[in-house]
Each structure stands twice: as C-alpha cells, then as structure tokens.
Amino acid sequence: MDPISALFAAVLDSTSGAVSNHMQESLGTEVKTVTVDHNEQLISFQHQLWRIRDESVCVDKRDRMAEFSKCTLAAKKFFADACRYLRENQGSGLKYDKTKNMYCTASSSFKPTIAFVSPASQASPLEMAKRECNRLVIQQSPSAEAREEACARYETLKSQEQ
Numbered sequence: 006m007d008p009i010s011a012l013f014a015a016v017l018d019s020t021s022g023a024v025s026n027h028m029q030e031s032l033g034t035e036v037k038t039v040t041v042d043h044n045e046q047l048i049s050f051q052h053q054l055w056r057i058r059d060e061s062v063c064v065d066k067r068d069r070m071a072e073f074s075k076c077t078l079a080a081k082k083f084f085a086d087a088c089r090y091l092r093e094n095q096g097s098g099l100k101y102d103k104t105k106n107m108y109c110t111a112s113s114s115f116k117p118t119i120a121f122v123s124p125a126s127q128a129s130p131l132e133m134a135k136r137e138c139n140r141l142v143i144q145q146s147p148s149a150e151a152r153e154e155a156c157a158r159y160e161t162l163k164s165q166e167q
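Residue numbers (the working numbering): 6 to 167.
Incorrect hints may have been included.
Ranges of calculated distance between the beta carbons of each label pair, as one might list FRET restraints [as the list claims (entries may be wrong)]: (1) Arg92 / Ala125: 43 to 53 angstroms; (2) Ser113 / Asn139: 42 to 52 angstroms; (3) Glu132 / Asp102: 56 to 66 angstroms.
No lab work stands behind these hints, which were simulated from the structure alone. Ideal Cβ positions, reconstructed from N, Cα and C, are used throughout, including at glycine.
Start from the sequences and build out the full structure, keeping to the hints where you can.
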C-alpha cells in the first residue's frame, strides 16, 4: 500500500471509530450498568437505548427478599428524585434530554417489589390440636389411644368454635 493510501486509511479508521463511539453514546446502544448511593442505599441498574431495564434494578440483591424490596423502593424514589432534579435544573443537549426522559419514564413506570417479613404468628389452640391429630395419624402412631385422644381434643375445640 502506498503511503498516501495508508495515511488516508488511518485517518478514515480513526474518524469512523470516533463517529461510531459518538453514535453509540448518543443512541445509548450499549448496555450500561450504573450504581448509585441514594440515601445510604446502594442501587444498581442497567440502561440501554435510554431506558432503564426494570429486571436489572437491584438484581444483586434479588436472593435476599427483604433487602431486594428495600432496594427497589429506594430505586423508585431515586428515579423520581432524579427526574425532579433534572426538570428543575434545566440543562441542554441531546444527552441531557435523553437522561431526563429516562429517569422520568422510570419514575412513573418502575414497579418496586414490596415485601414485608415478619415473625409467624402463634397458632391457635385449635390449629395446634389439628396439627397434633394429623401428625399422629400420618405417623400411624402405635398408640391408638394417644391418636384418638389428640383427635378428640381437636374435634372438641372445633365444635366449640362453631
């Protein structure tokens, strides 16, 4: 290849790389992972084509339901706060507009997972008697007397509740 062609090829290659990078950045074609600390809660999510991928929000906490729920609730608040901030502090440019639209869309469309974990309530005497009767029936207890007594106690409590 002659020197002029080599120079032209190098210039064309570097220019096309810069144009390609600019296009990817402005169109948002690449999947980008973002982690933010919002009110002392780490929130991770991905976005592509200037849309937040709902299934990626807090995915790193999905196996711990209480943490996942807390994270998705914080993410919903973060999206709303980011939208409000970007609306109130007007910027300019295509990237600003797309970022603002991305967070504002997420603030209205993202549905957090809401889970509350609490200790199990204590079973009522009727429920305890039923469990004991069922346990002895399933185990085919060698003591028919114990089984009959437990089931009779259950039937008595059941009739008292009606």
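Now for the hints, and whether the structure bears them out:
At about 45 angstroms, the beta-carbon gap between Arg92 and Ala125 stays in the expected band of 43 to 53 angstroms. A beta carbon spacing of about 49 angstroms between Ser113 and Asn139 agrees with the range 42 to 52 angstroms that was offered as a hint. At about 59 angstroms, the beta-carbon gap between Glu132 and Asp102 stays in the expected band of 56 to 66 angstroms.
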